[in-house]
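Read off the chains here:
There are 2 protein chains.
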Amino acid sequence: MSIKSLAVTALVLAISLSTYAADAPITGFTAANAAKEQALESQFDSKVSVQDLRTWLERLAARPHQLGSAYDHDNAEFIASLFRSWGYDTTIERYDVLFPTPKTRLLELISPERYTAKLVEPALPQDRTSGQTAEQLPVYNAYSIDGDVTADLVYANYGVPADYDVLARNGIDVRGKIVITRYGGSWRGIKPKVAAEHGAIGCIIYSDPRDDGYFQGDVYPKGAYRSEYGAQRGSVEDMPVYPGDPLTPGVAATPDAKRLDVKNCPVITKIPVLPISYADALPLMRSMAGPVAPPDWRGALPITYHLGPGASRVHLNLAFNWNIVPAYDVIARMRGSERPDEWIMRGNHYDAWVNGAADPISGQVSMLEEAKALGELAKQGWRPKRTIIYAAWDGEEPGLLGSTEWVEGHAAELAQHLAVYINSDSNSRGFLNADGSHSLERFVTEVARDVQDPERNVSVLERLKARQVVLASNAEDRKRARDRELMRLDALGSGSDYTAYIDHVGIASLNLGYGGEGGGGSYHSIYDSIDYFERFVDPDFVYGVVLTKTGGRMVLRLANADVLPLQAGTFAHTVSRYASEVMKLADDTRAKIEEQNREVQTHEMELAADPKKPFVAPPIQPVAPYVNFAPLQNAVAHLKSVAGVLDRASAAATDSANAPRQVALDGALMHLEQALLGPGLPNRPWFRHQIYAPGFYTGYGVKTLPGIREAIEQKEWAQANEQIAVTAKVLENYADEVEKAAK
Amino acid sequence: MSIKSLAVTALVLAISLSTYAADAPITGFTAANAAKEQALESQFDSKVSVQDLRTWLERLAARPHQLGSAYDHDNAEFIASLFRSWGYDTTIERYDVLFPTPKTRLLELISPERYTAKLVEPALPQDRTSGQTAEQLPVYNAYSIDGDVTADLVYANYGVPADYDVLARNGIDVRGKIVITRYGGSWRGIKPKVAAEHGAIGCIIYSDPRDDGYFQGDVYPKGAYRSEYGAQRGSVEDMPVYPGDPLTPGVAATPDAKRLDVKNCPVITKIPVLPISYADALPLMRSMAGPVAPPDWRGALPITYHLGPGASRVHLNLAFNWNIVPAYDVIARMRGSERPDEWIMRGNHYDAWVNGAADPISGQVSMLEEAKALGELAKQGWRPKRTIIYAAWDGEEPGLLGSTEWVEGHAAELAQHLAVYINSDSNSRGFLNADGSHSLERFVTEVARDVQDPERNVSVLERLKARQVVLASNAEDRKRARDRELMRLDALGSGSDYTAYIDHVGIASLNLGYGGEGGGGSYHSIYDSIDYFERFVDPDFVYGVVLTKTGGRMVLRLANADVLPLQAGTFAHTVSRYASEVMKLADDTRAKIEEQNREVQTHEMELAADPKKPFVAPPIQPVAPYVNFAPLQNAVAHLKSVAGVLDRASAAATDSANAPRQVALDGALMHLEQALLGPGLPNRPWFRHQIYAPGFYTGYGVKTLPGIREAIEQKEWAQANEQIAVTAKVLENYADEVEKAAK
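One line per chain: the protein sequences are A and B, in this order.
Take the position in the first sequence, starting the count at 1, then add 754; the result is the number in our numbering.
Take the position in the second sequence, starting the count at 1, then add 754; the result is the number in our numbering.
Each hint should be verified, as a subset may be incorrect.
Pairs of lysine-lysine residues, derived as PhoX-like cross-links and limited to a Cα-Cα distance of at most 20 angstroms, are as follows [as the list claims (entries may be wrong)]:
1) LYS790(A) with LYS801(A)
2) LYS1497(A) with LYS1394(A)
3) LYS976(A) with LYS1367(B)
4) LYS801(B) with LYS1133(B)
5) LYS1024(B) with LYS857(B)
6) LYS1346(A) with LYS1233(B)
7) LYS1346(B) with LYS1469(B)
8) LYS976(B) with LYS1367(A)
9) LYS1338(B) with LYS1469(B)
10) LYS1233(A) with LYS790(A)
11) LYS976(A) with LYS1133(B)
12) LYS1133(A) with LYS790(A)
13) LYS857(B) with LYS1233(A)
14) LYS976(B) with LYS1366(A)
15) LYS976(A) with LYS857(A)
16) LYS1346(A) with LYS1367(A)
17) LYS801(B) with LYS790(B)
18) LYS1483(B) with LYS1494(B)
To be clear, the hints were calculated from the coordinates, so they are not data collected in a lab.
With the rest of the complex left out, here is chain A (with noise of 0.2 angstroms):
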């Protein structure tokens, strides 16, 4: 705690003592049971070490550990043997998958002046790994096909759909150029996707210093922003189509595997894609000629910022060795004394872009802690009433290929045997941050609630509420902030191994972590070091204490109710929102089809234009039919109807025991997401959840209730009605799920 919040701890006590009571009811067990619990859980805290989580990120972050790398390999023996010393059932399982590194990197501008892109990040003398260059991965987004292109360049501000259609207004068609976008407003690889849509041959990624780099503070080594040459590796494999291993959708990639050939394979981008630091982009950007870009695509370069095309012409060559490599998951079990057939998971990749300090590193040693902690307990005679599994994930980095490549080899086992998976990644100073399925909300803000701030003594939960308030637009939000008992859980979209769990197989997914006072640049660089890790993110290690303390109680509690604590009123509640979204999704987008046919159709767009820039008028688009929601609306008020009364049992089930009963709950509530899977969204079976998924064009960010949703992004209004009817159906499956067990 630093010494200036020393003064305010006496009054934030006296707050804090009044809501956290260590007595609190826990959803899922008898009052006896709970009380139980409860003290379990500070033993297990009393377990806990800053010191080991310290010395495991030093140890595991030495050397830089990308998938297939020796010191990969050597961390997850490293892993497995702690495992075991702990007493677990451990296995290291091995996928063999592809795995794209550079042979040729060079990006040129060849006039109007000549500038060959640097393309290294520089070792500094204040980062004691920054200079191990024989095993550093270089800069490069893994995936990019190969390519050799040259073309005048383009710039398409985040690359998204939608700024394409600014260029059009521009008059700009891309068609032959290579497009410069800059990392933000979406997944990286949407960037390189889009750009191919339309008509690009190449496409470059950098990171401008105002979403990344000395607009948002002092840069590394001074401060924690990202520095001139710095740059942003990363996957651009299409993930949002299916992640994992490239050459074998839907199957693990064991050796027998039947794999796609390299030339076929639809998750590899189409045009040649390169990450460069905004030092590199500076000379490219400042000859761009063509209209003075929108405001809000300006970034922090000292430059006008033009849109092209030209005057800056560019090659770009990119060569990539195409090896097949080892990915090895770490597997470690311990069974369950009286419901082994019921799984809990939890899980955190190992593999880095390179030293990844933070990511995944500061995730991964909170996690083991965790394991630590419930391997002593057992040792003292503690069993859990079900089976805990915790997973080290390896190649999580280039497409969530360990984690993918796992559930796809066990997926039936887990959709019988699983309940709940909890995954986390990079952690950092701050907030609570979990997503995750909304039958997990009452759960998850009880295990918040006994949980404490290591900065503020008071409960994570507490601390959040307090955000949300002060962070509030309106008095609306603001009063709901402050009233309502649930935390609300954001849905999850992907970007870490939870994905194949939740949008492959159905099972109730969160994931977890802290952040949003670490802030900073160091993400898939070089920079993400146990220096700059110690320097800005955690240097106390004291919300890596909090992730274990916080993974741990979920694990344990999860592991010993004696009925599961997934509700079903908290999802019902949440879907009937997202329902309403869409419904006003399609009105709104009619609306706006209208309102932009008539202001072209009258001339009131081109009479509103400056008539001495370009001015192309948005082509007249298609009357947006209305379509059909009322099989989403019957299905709702159907859910709504039944949600109430299996929350209902459930609770009966533990105000005095009966295991039978309980039993029989579990067995319903570890399959109710499932229902929730349907045939596979349009154009990318793999994923079959109709609730959650990346988005198409977001790439992480969540689309819920995606194939309604997406189709009515994309127009597709024959769609959009038959995606209805597939939620719907989805919807009444999970009602009548939740019917037959609330009997």
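Fit chain B to the given chain A structure using the hints.
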């Protein structure tokens, strides 16, 4: 017209013909006289010569011509000679006014590194007048006090009161410090005033490239935006207290006027202040320490913006020649034939900071062309019904000196005779910008309906409506923009020569100009030049011509109308909206105080803050009492109930010729605005209008119902109650006058 727009001309013409009708009614005219007026206006248009505009602009802007300079006097004589040549009864009226010019300007960074600010705008080969250094005033702020100070620097964003609240929340006190602020967010004179109120000992104002430089577009001479050493001169006289000669408030600065001592003059700054370029600001700001500035405080310099105080320590030394100089107002009269004691006045200043091709010569030459065309009509036998007076003002730039002294010297006769004052100033390409008394909304709308946009061949009204539709942020605003018959005039704040007319004497006033498409950054610099204007502002002088046609029509209609086209209904409607606004402001202010107190008392604000950053909770504020709006509500209700009666009486008086009734109505209408004068606003009695005033803390930006609104903003609740009573009284007066006139 550009080539590009030719393609759409045919279509657009088809639209315009349907809405533009030469025989459209004109308020204030009988049907027969309206037809004659339209014919006269066509004749007027035929006399407008684009070549005159170019010739005069190149003559008047050929050399620097600030107040007191040789060329400024030369221009006065030239303008007077033009008026005389057109047949006007022309005089030059002289006032002797305080006008400081720089003797010493020194700004040095003394630690952590040394840098001496250049404070010079370089001459450019592409700009023929930029090298006239012998006659140029250097970059400075007029009416800065002398001072020699050394202190650490604090960055205060735009330097408005709310910015100091943010500094306080970051634990930063500016007492004894020098603040650096950026241009924008308020009129410049607010910045040193507020800095001094908070205890700063010096103030620097720089042009941030985000607001005024490369972020906006290519810089001069490549493009139109401010280049690295470009800087903005300007007055920092505390004009919201009173404008005009600082030494003779309220009276004309005649030779025998009683003058204040410079030492006791309340409108000279309390601390020294200097404007600088962004090239000079960069070395000062890049060394600053302290917290990182909030995101919306950060500009486009390629640095991390810090708040300070320090590590930059600066030395600022300023001294001025406190001279009394002559200001020459050119006054030209054309006597009315039927109602010579009813005056219509038109004005534009002619003094500049340097060459001032745009500011103010672009507006001056359009006004001169108007006067020329009227003179030619007069030579053909036409005479205005009412007297027309043209004024070319001197000394506007330092503080509206010429117009204010003239109005103060002629206040009594203006109150008796002057019906309407129409001002213009700089002119550019784009959309009609007309602000002013709400009683003139129908009048302005009809003129805008009858003037064609030179680039799009629709009326300027239609283009303006198209822009309002396209820029509307929601469907409701869009519908209102489409459906509204009349233009909504924005209220007048300050910043040009209408100020004394409306605010001090209560003359119904307008301010006219075109703009929005001639963006750039030459304002108050040596680059506001002929070469710049003819490349970037209005290269073909087509918007100069359209301003001539707009202003000319207004003067002709006001001079010729059977009944003055002032309407009480539009005023009543708008003042009712202002009353709703201030009532909502009081409620919102109360709610905001309550909410902030609550967040402090519950510690929500503290819990939401990053413990590793400085946090100072705002002090608990007294709960806002409810104030008595009833007098205002009653006055507005009274006014609304009678306003329509007067407008119907005016309409009836032009249904058929009834000269005595028309003259009687004129007599009431021309004095109606004066009913809105009160005893003067709190702490600034020179400002007597109770409905319109420049904001005490905005400078140019208007505050409507200023006594009430500013009392609420400053949480002076007793004063709010008093000002409600005062404002209600003037509105009751106005309503009484309306009732009397309607009888």
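Original post:
Which hints from the list above does the structure break, by number from lowest to highest?
Top reply: Structure breaks hints 10, 11, 13, 15, 16.
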